[in-house]
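Trainee: With chain G fixed as given, assemble chain C onto it according to the hints.
Sequence order for the protein chains is G and C. Residues 1 to 208, numbered by the working numbering, are exactly what the first sequence covers, in order. Residues 1 to 208, numbered by the working numbering, are exactly what the second sequence covers, in order.
A couple of the hints might just be wrong.
No more than 30 Å apart at the CA atoms, straight line, and that leaves these computed lysine-lysine pairs for DSBU-like [said to hold, decoys possible]:
#, chain 1, residue 1, chain 2, residue 2
1, G, K4, G, K128
2, C, K90, G, K4
3, C, K160, G, K111
4, G, K4, C, K111
5, G, K23, G, K190
6, C, K23, C, K160
7, C, K111, C, K200
8, G, K188, C, K58
9, C, K128, G, K111
10, G, K4, C, K128
11, C, K200, C, K85
12, C, K4, G, K190
It is worth saying that the hints were derived from the structure and are not from the lab. Note that the structure is a prediction, hence the values are computed from the model and not measured.
Protein chains: 2
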Amino acid sequence: MEEKGLLLIVSGFSGAGKGTIVKEFISRNNDVRLSVSATTREKRQGEQEGVHYYYISKDQFENMIDRGDMFEYASYVNNYYGTPKSFVMKQLEEGHDVILEIEMQGALQVKRMYDEAILIFVVPPHAKDLEDRLFGRGTETAEVIKNRLRRSCEEVDLIKYYDYIIVNDQLSDSVRMLENIRNAEHLKVKHYENLIDKLKGELQGIIN
Amino acid sequence: MEEKGLLLIVSGFSGAGKGTIVKEFISRNNDVRLSVSATTREKRQGEQEGVHYYYISKDQFENMIDRGDMFEYASYVNNYYGTPKSFVMKQLEEGHDVILEIEMQGALQVKRMYDEAILIFVVPPHAKDLEDRLFGRGTETAEVIKNRLRRSCEEVDLIKYYDYIIVNDQLSDSVRMLENIRNAEHLKVKHYENLIDKLKGELQGIIN
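Only chain G is shown next, with the shape it has when bound in the complex (with noise of 0.2 Å):
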C-alpha cells in the first residue's frame, strides 16, 4: 500500500525569507509537490496562472468556500486568497510530500481541518533583520513596512502551535534544516504501521 505523503506548511515573519527557502527546498527536492493558491485578484504583468497564482472569479472562490473546497482562505483589501483542497489531496493520497508556504492564520485554519500537517515557522535570528530586509526589497513605504512589523509582533505568541523553528541565518543552513524536518517526520513510528504488521508475521512464521 502507498504510504500517504506529508504536508510541510511554511510560515514567517513578513521579511523572514521563508520565500526564498521554499523556492531553493523545492529546487534540490524536486519530487515535493508545490501547492499553488488561488486568488480573485488580478493578473499581474510577468505572473502566470497555476505558477503564482490561480486566478478565479469571485463566484468561484466563494462557491469553492461553501463547499468546502478551500483549505484555508483569507481575504485582503477585497479580495480572497486561499489554498485550493482537491490538489494538496491528491497529492498527498498518491504519496507526494506537498509544501505550502502561507500566513499563520491559514497554516493553523489547515492545522484544525488536517491534524498531520507539519507546521514550520520561519523567523530571523534578530527582529532588526527583518526591519533590514523589508527596507532593502525598496517596494514599500515605512508605513507599510510598519504595518507588516506589527503584525509579526502579534504573530510572535502564535508560534507555539507550529511544530518546527527555523531561525533562517544562512540559506543552505536553512535548507538543511527544512530537508532534515521533512525526512525525520517520515520516519515517525506511524508511517510503519504496515512494515511492523509485516515483520510480526514474518517472524511468527519464522518461530513457529
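Mentor: For chain C alone, coordinates are given in the frame of chain G:
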C-alpha cells in the same frame, strides 16, 4: 541560557544492527555523549571500566535503585544491568545530547520518567535478516537465537510507543537517518522559547 541536550534512545530487535549504527553515529558526531550502563556481572576479558560498563557490586546497584539513581534497570541471569541517571542528567543539563542504546523495556521505563526522551527503534527490512545475522555471528546456539526471535515477536506490539523507526538496510543510510532525527528534534518549537521571547521584545522595541 544554555539549551538542554536531547536524550536519544536507540532500541531494536536483536540482530537488527542497532549497536553498529550507534557506534558509527558516535564516531561521526563526537559531540554526542554515549551513556555507559552499569552492571553487577564480572568484567570479561578485553572489557574496560567506563567503556563497556561500569562494574559495580550488587549492594551498590541496589542502593542506586533505592535512591532512584537508576534511569532504568533489569536483571538477567542473576545480574543487574542499568543506566545510572546522574551522568545522563548532568550531560543533558550542560546542553550535550546523550545517546542510550538499551532494550525496549528499559527505553519505555526511561520514557515514563523523562517524557522528552526520543525513542528510536531499529528494524530490518525483513525478519529473515535477523535470523541470518544472528546465525552469522556464530556465537549463539540455535535455541538462544530462537529465544531472541521469540522476544522480538513479543516486542512488535510495543513499537508503537516509539517515536521513530529506522529500517536498517544500509548502515550509512541508517546513520544519516539518526542524524536527521537528531537535527530535526533540535528544531522543535519547544526549544525556542527564549529566542521567541527575545524576538518579541525586539519587535516591540522597533514598533514603539
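Trainee: Work down the list of hints and note, for each, if the structure agrees.
Mentor: Consistency of the hints with the structure:
no., hint, result
1, G:K4 / G:K128, "violated, 40 Å"
2, C:K90 / G:K4, "violated, 40 Å"
3, C:K160 / G:K111, "holds, 23 Å"
4, G:K4 / C:K111, "holds, 28 Å"
5, G:K23 / G:K190, "holds, 29 Å"
6, C:K23 / C:K160, "holds, 25 Å"
7, C:K111 / C:K200, "violated, 33 Å"
8, G:K188 / C:K58, "violated, 39 Å"
9, C:K128 / G:K111, "violated, 40 Å"
10, G:K4 / C:K128, "holds, 27 Å"
11, C:K200 / C:K85, "violated, 36 Å"
12, C:K4 / G:K190, "holds, 27 Å"
Going down the numbered hints, you'll see the structure goes against 1, 2, 7, 8, 9 and 11, while the others check out.
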